[in-house]
Amino acid sequence: MGPIQVKCNCGENNCQEWAIIELQGVIEAQPQFQDCLQNLEIGRLCRPSSQETYTFTIGYHELTGSKVKLKKPLLVLKKVKHSDEEQRVCSKSSPAVELDVIGIIRQKILFKTRPKALISSSKKV
Amino acid sequence: MDKSGDAEAILDLQPKSSISVAYHSDFGPHEDLLLLELDEKLLPDVLSERVSLRGEPDEEAVFCTQSKTYAIKFVGNSNSVFLIPPSNSSSFPKNAMDCDEQNLDQPASASVLKVASGNLELVEVAPRLDKLKLLLSQKPFTIEEMSEMETFLESEEQSSVYRWNDLIGQIQASNIELRSGLEALKALEINGYWRIIDENCMDSVLNMLLHNAVLNDWSLDALPENELVSIMESDGFPPKISNHCLKVYGNTVDKEDSVSLWKLNEKQVCVHFAKRILNNGKVKKDKFLAEWKNKIPNGMQASFEMLEGEVLTERIGVEIWIHPFSVSSLPSTPAKRFSILFKERPKWEWKDLEPYIRDLKVPGLSSEGLLLKYTRRSQPRPDVEPIFSAR
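Heads up: the protein sequence lines correspond to chains A and B, in order. Those letters in the first sequence? Residues 23 to 147, by the numbering used here. Those letters in the second sequence? Residues 3 to 393, by the numbering used here.
By construction, these hints were calculated from the structure, which means they are not laboratory data. All residues carry an ideal CB built from backbone N, CA and C; glycine is no exception. Don't take each hint at face value.
[What the hints assert, rightly or not] Derived coverage of chain B by chain A (criterion: at least 3 residues anywhere in the stretch with Cβ under 8 Å from a Cβ of chain A; other residues may be distant): (1) 12 to 19; (2) 34 to 42; (3) 47 to 59; (4) 80 to 88.
Hey, can you work out the whole structure from these sequences and the hints?
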């Protein structure tokens with residue numbers, strides 16, 4: 023088995039930037055939605071002022087956090103498995119697994135305070 | 003104004019605005035998506051495709067740049083980490099329906115593709131080169147093979163011999179570290195395969211070289227490369243092998259005219275002959291010294307200090323004996339190295355121990371650190387040498 027090359031289609035300066043929202047704890051959808059979360063709204067992210075502070079309203083909870091630059095960037099890698107068919111067609115030395123760099127993360131919005139319970143359920147604009 | 007959603011919308015969120023965050027239409031575990039934390043300085047190598055993962059399926063993969071090797075560790079995160087791709091991500095397009103809905107009145111939204119449970123990080127490690135010696139020792143290059151070298155025909159896949167491309171798939175080291183390892187083993191690429199030359203073969207080449215030097219009245223400090231290689235060829239030694247012998251046992255000499263000259267390295271040559279004498283195990287020291295003096299070329303001086311890291315001395319009764327114990331035959335990982343050293347001898351003085359750990363390199367650990375970690379230091383009285391033993 024040969025070495026697995028780490029490939030990157032982005033080129034040196036073009037890596038697409040992904041984002042991360044990080045919060046403590048776990049978000050649970052209501053039971054009836056557990057199996058089809060796709061497209062379900064989680065909450066609303068708001069930036070109230072020109073500062074890099076953010077609020078995240080999920081259900082009747084409000085989290086407060088800030089945008090943080092990561093000490094070290096994170097690369098988003100995708101493991102690509104070549105099917106047996108593809109392997110036979112390609113040269114014998116091409117490996118069955120490839121690792122592609124598909125994005126980079128340099129900043130995240132981090133929420134580390136305790137959630138504040140909102141008394142009314144009015145949505146913030 | 004580009005109203006693209008997703009990562010951009012999050013990162014460029016303007017003051018006094020908000021966006022909806024939802025699960026992506028393709029939300030799921032996406033176990034094929036990994037996050038790797040990387041030092042900024044390694045980014046250029048990764049982005050220009052100069053890194054690879056190396057190792058066999060039964061080994062833990064290592065991450066290799068051109069010159070360094072890193073272990074890959076997964077670090078879990080108890081926080082919920084929502085991963086949001088850029089909206090024009092080719093790997094994860096949103097539904098066509100979403101695009102239709104995107105008009106100037108529609109507020110931007112962001113979609114969470116995956117909740118990451120942690121990320122991978124890299125820890126620099128020493129290259130794992132012990133396996134290289136193991137592989138290349140399976141079939142050392144012999145005198146018989148040397149005589150067949152010129153007529154070598156690659157008729158079928160050779161077994162137990164390795165090409166560069168085989169080695170990079172099996173040895174967990176970067177290209178530069180692998181080349182270094184091959185050089186340390188004095189390996190030679192013959193007919194596309196990297197080979198260790200066996201002791202008897204090297205001995206025959208060296209002896210023929212010395213013999214020719216005497217015959218032609220050449221100084222061992224100024225051997226003419228071309229003439230020597232040519233004469234050795236007529237003696238049945240392929241140029242590639244003679245050249246390798248010069249590299250192993252000598253150094254080039256700077257000269258003004260275009261004649262390439264070599265000077266034999268006294269230590270390399272003397273150690274070679276010492277090892278030949280010790281091939282049969284332990285010898286009485288004075289007997290050894292007499293035999294050694296006889297074997298080495300005229301004009302060379304052997305000193306016992308040359309054998310540090312190659313022999314161990316012990317007192318049996320009133321006599322002093324020595325036996326071969328070569329650092330090059332020991333494992334390169336510290337834990338295994340110290341284990342073998344203490345099995346050989348439970349207690350060591352620093353001056354005897356040092357040559358056997360001098361070559362140990364662990365990123366982030368100094369030699370003091372190594373001693374602290376793997377040995378117990380005791381000094382019964384302040385006026386005696388400290389003793390090192392197993393932890």
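Going down the list of hints, with the structure as the test:
Chain A is given as covering the segment 12 to 19 of chain B, and this holds because 7 residues of the stretch bring a CB closer than 8 Å to a CB of that chain, at least three being needed. For the segment 34 to 42 of chain B, the proposed coverage by chain A is satisfied: 9 residues have a C-beta within less than 8 Å of a C-beta in that chain, meeting the threshold of three. Only when three residues or more bring their CB closer than 8 Å to a CB of chain A does the claim for the segment 47 to 59 of chain B stand; here the count is 10, and the claim holds. Check on the segment 80 to 88 of chain B: 9 of its residues sit with their Cβ under 8 Å from a Cβ of chain A, so the three-residue criterion for coverage holds.
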